[in-house]
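Let the sequences and hints guide you as you build the complete structure.
Numbering-wise, the working numbering puts 205 at position 205 of the sequence shown, and it's gapless, one number per residue.
I should point out that these hints are in silico values taken from the structure, not numbers from a laboratory. Model, not experiment: these values are computed from the prediction. All C-beta atoms, glycine included, are put in the ideal place defined by N, C-alpha and C. What you were told as hints is all true, and nothing was included just to trick you.
When the alpha-carbon atoms are kept at most 20 Å apart in a straight line, the in silico EDC-like pairs for lysine to aspartate or glutamate are as follows: (1) K107 <-> D159; (2) K102 <-> D81; (3) K93 <-> E65; (4) K170 <-> E160; (5) K107 <-> E97; (6) K175 <-> D159; (7) K129 <-> E36; (8) K107 <-> D62; (9) K93 <-> D180; (10) K107 <-> D81; (11) K71 <-> D81; (12) K175 <-> E160; (13) K67 <-> E97; (14) K221 <-> D211; (15) K107 <-> E160; (16) K69 <-> E97; (17) K93 <-> E160; (18) K107 <-> E65; (19) K170 <-> D159; (20) K37 <-> D133; (21) K91 <-> E160; (22) K67 <-> D81; (23) K102 <-> E65; (24) K102 <-> D62; (25) K183 <-> D159; (26) K69 <-> D81; (27) K183 <-> E160; (28) K91 <-> D180; (29) K93 <-> D62; (30) K91 <-> D62; (31) K91 <-> E65; (32) K91 <-> D81.
Ranges of calculated distance between the beta carbons of each label pair, as one might list FRET restraints: (33) V41 <-> A79: 16 to 24 Å; (34) V162 <-> M218: 34 to 42 Å; (35) W189 <-> A219: 39 to 47 Å; (36) A219 <-> L43: 25 to 33 Å; (37) A79 <-> A111: 13 to 21 Å; (38) G100 <-> G59: 12 to 20 Å; (39) A111 <-> K175: 21 to 29 Å; (40) A219 <-> R172: 50 to 58 Å.
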Amino acid sequence: FGSRTSWAQSSQVAGHLGRKVEAFVCQVPMTLTYWEKWNMVWLAANFYIHFGWEMSILGFFDYAEWKQKFKPWNAFCAAFDSYGNYDRRYKLKPAAEYHGTKASIDKVVLAVEVPAGIVDGTLCCIWLKAILDNAWYRYPTQLVVSALHAFGTLVFWADEIVPGYMSWFKGRGFKWTHTDGPKSIHWWWAFIGTNAVWVVVPMLYAKSAIDAMKPALMALK
Numbered sequence: 001f002g003s004r005t006s007w008a009q010s011s012q013v014a015g016h017l018g019r020k021v022e023a024f025v026c027q028v029p030m031t032l033t034y035w036e037k038w039n040m041v042w043l044a045a046n047f048y049i050h051f052g053w054e055m056s057i058l059g060f061f062d063y064a065e066w067k068q069k070f071k072p073w074n075a076f077c078a079a080f081d082s083y084g085n086y087d088r089r090y091k092l093k094p095a096a097e098y099h100g101t102k103a104s105i106d107k108v109v110l111a112v113e114v115p116a117g118i119v120d121g122t123l124c125c126i127w128l129k130a131i132l133d134n135a136w137y138r139y140p141t142q143l144v145v146s147a148l149h150a151f152g153t154l155v156f157w158a159d160e161i162v163p164g165y166m167s168w169f170k171g172r173g174f175k176w177t178h179t180d181g182p183k184s185i186h187w188w189w190a191f192i193g194t195n196a197v198w199v200v201v202p203m204l205y206a207k208s209a210i211d212a213m214k215p216a217l218m219a220l221k
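This is the structure we're talking about:
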């Protein structure tokens, strides 16, 4: 009798452990909420901009000077060429020359966008991992990268606006350097509109991060 009891108990223990292992191996994948799914869309756009558009400038800064021109399938050069019709910093004519090297894209664009591609792009990878792992650093990362997005856009705008302001301040009138200014519809949708996305959306995410962290931060008071 004792041996049969021990066998039954061992079977129960084995069955319990088996169910635990099965639950661990076959656990249900993380389910994203409605807004987290939109967060994935936003991060996908970020990966395109940071690792595509911005990082490609490192090799394509003189794209309009290539003897054989760029290939039609080169989406980034085509985008620079098209956007450069409305923001001429992306299609300098004549090309700028820096220490004997010609450039079709203004040096300030490289100075702003390439570091953004490296830093913001890396932070977006960390943000994505934090969402998927539900990690503690999710909202701090979300706040930092969102603030950097907005800051970078303001610097990008300022490079065009500040010289005009300086001219106006000295009584020479407000002059636009690389765009046609507010009189052109293209200035509103290309220079302001497409870049405003990188201020408005990040600020919404920044507020979301602050709201999420507020209870923990208030508890430290």
